[in-house]
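A.B. asks: Sequence:
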Amino acid sequence: MNDEVLSRLMAVIENQQRQISHQQEILDRTNATLDAISSKMGELLLDTSKPRRKQSSPLPPEIWCEIFENLTQVDILVVCQVCQEWHRLGLTKLQKRIFVDSPESAFKVALAIDCEFYRNYTGVNYDSFMQLAGEDYLDPRYVKEIVFNNPCFSPRFIYKFSEKFPYTDFSIISSSYYKNVVNDKVNVRTLQVECDELSNFTQWAGSIRNINILKETAETYVNLSKFHNLKRLALPDCPVVNYNGPKMLLDSLVLRGLFNPSVLKFVNMSHLRSLHLTFERDMSGKFLKRMHRLTNLSISFDWHDDLVPSFEYFMSHLKRNILRFIRFHGIEPFNLTEVSRVISSQRESLQHLIVAHKFALEIVFFDITAVIRNMRVDEGYREEEITEWFKSFKGNQFPNLKYVVVNGKTWHIQRSLGEYLYRKVIVDQI
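In our numbering, each residue's number is its place in the sequence shown (first place is 1) plus 6.
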């Protein structure tokens, strides 16, 4: 009897050893594949001296999809040159909204000042844009908007480009240069101007959809009333004004300064779909009751525990389960207990929750239970600190975490026996 039991145990042990050996072989092959991909990607992304449009892609489509879908910003020229399947992989979103940068890196400055306005744009420097345009990488079917923010563009180039891209909207960073260059032949849909410059663009009042006011006065709202098709508006501190015109039917409103009730005088709050504001203690949220179409809410504040009661009262005015997207600026991302409790009324509808701490750390949640799939750490943290942070994770934390972007480098995350293993698969390209 004992011999029979012993033989069965030995058989079980041998079977387990074979399984362990097989799993180890799979792990070794996976690691070797990742090393090869990392090495190849480094060579491809660093060597941009020769365009590769006529060559076939050295990597399978699914690898490209995983790589580029999880990057917050990439060099669109490198994508066009290296990856031949980029049209088929849905990467055309990279050229949907393009911000042509100036030598002073105006895109990064604009993104830091007004993240809500520019976070959906792809920054391209002047030389890369000229190469994209000259080699026909850009497709008129996909390019929806271009922000020209470089004085190197000649009037002739803008006219020729607008003829080639007749359905592309052009955004203007206001200056005396653009006042002399742009005419009725160009589709101007977006303005970034000071309030006293609005009168210079009234010829496009019927076509302009987006306005970003950098500096305003009491006359701002009088000028804005002329832009009757306006859909998206960004404002600094709102002065108290007497406004008697019709209320604007905006889809999106960005208030970078402190909230002022005067904004309720000229905006139909029940029509808004997206709102960004700065929260203060004892801030009344009664106006939220009228926002029946609101789906995206972004709030900036200097978070501390004393704000919890006021913020909870503020959020209580929202209808239950109407928000799909919430973004918080200024909350410590590692302490989200209060935040989860406050927004629990949106549990059934909420799809995306982004928590940003001083623009340095951004964590994306795909549901309210903190199931993180992608994480981005842009600046302010060393790789050693992130490594120590990963080591502190427990096996039940972030079970679906797959990619982490640290200072422009993407780490592919693997879980093994409750521990987190990371491997860099892309070199720095931001």
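Hints are computed from structural coordinates only; laboratory data are not their basis.
Hints are not guaranteed to be accurate.
What the hints assert, rightly or not - Here are the simulated EDC-like cross-link-like pairs (lysine to aspartate or glutamate), alpha carbons at most 16 angstroms apart as the crow flies: (1) Lys102 to Asp34; (2) Lys150 to Asp133; (3) Lys102 to Glu31; (4) Lys325 to Glu354; (5) Lys170 to Glu151; (6) Lys166 to Glu203; (7) Lys271 to Glu286; (8) Lys292 to Glu318; (9) Lys237 to Asp257; (10) Lys170 to Asp142.
Claimed, not checked - Here are the simulated distance ranges between beta carbons: (11) His28 to Gln137: 32 to 38 angstroms; (12) Gln23 to Lys325: 31 to 37 angstroms; (13) Lys102 to Ser276: 46 to 52 angstroms; (14) His28 to Glu354: 50 to 56 angstroms; (15) Arg279 to Gly212: 48 to 54 angstroms.
The structure presented is a predicted model; accordingly, all values stated were derived computationally and were not measured.
Using N, Cα and C, we set each Cβ at its ideal position, and we do this for glycine too.
A.B. asks: Does each hint hold? Answer for all of them.
C.D. replies: Results of checking the hints against the structure:
1. Lys102 to Asp34: violated (40 angstroms)
2. Lys150 to Asp133: violated (20 angstroms)
3. Lys102 to Glu31: violated (43 angstroms)
4. Lys325 to Glu354: holds (12 angstroms)
5. Lys170 to Glu151: Holds: Lys170 and Glu151 sit about 13 angstroms apart, inside 16 angstroms.
6. Lys166 to Glu203: violated (26 angstroms)
7. Lys271 to Glu286: violated (20 angstroms)
8. Lys292 to Glu318: holds (13 angstroms)
9. Lys237 to Asp257: holds (5 angstroms)
10. Lys170 to Asp142: Measuring from Cα to Cα gives roughly 11 angstroms; hence the hint holds.
11. His28 to Gln137: 32 to 38 angstroms: violated (49 angstroms)
12. Gln23 to Lys325: 31 to 37 angstroms: With Cβ atoms ~59 angstroms apart, the hint is violated.
13. Lys102 to Ser276: 46 to 52 angstroms: Since the Cβ atoms of Lys102 and Ser276 sit about 29 angstroms apart, the hinted range of 46 to 52 angstroms is violated.
14. His28 to Glu354: 50 to 56 angstroms: violated (43 angstroms)
15. Arg279 to Gly212: 48 to 54 angstroms: violated (22 angstroms)
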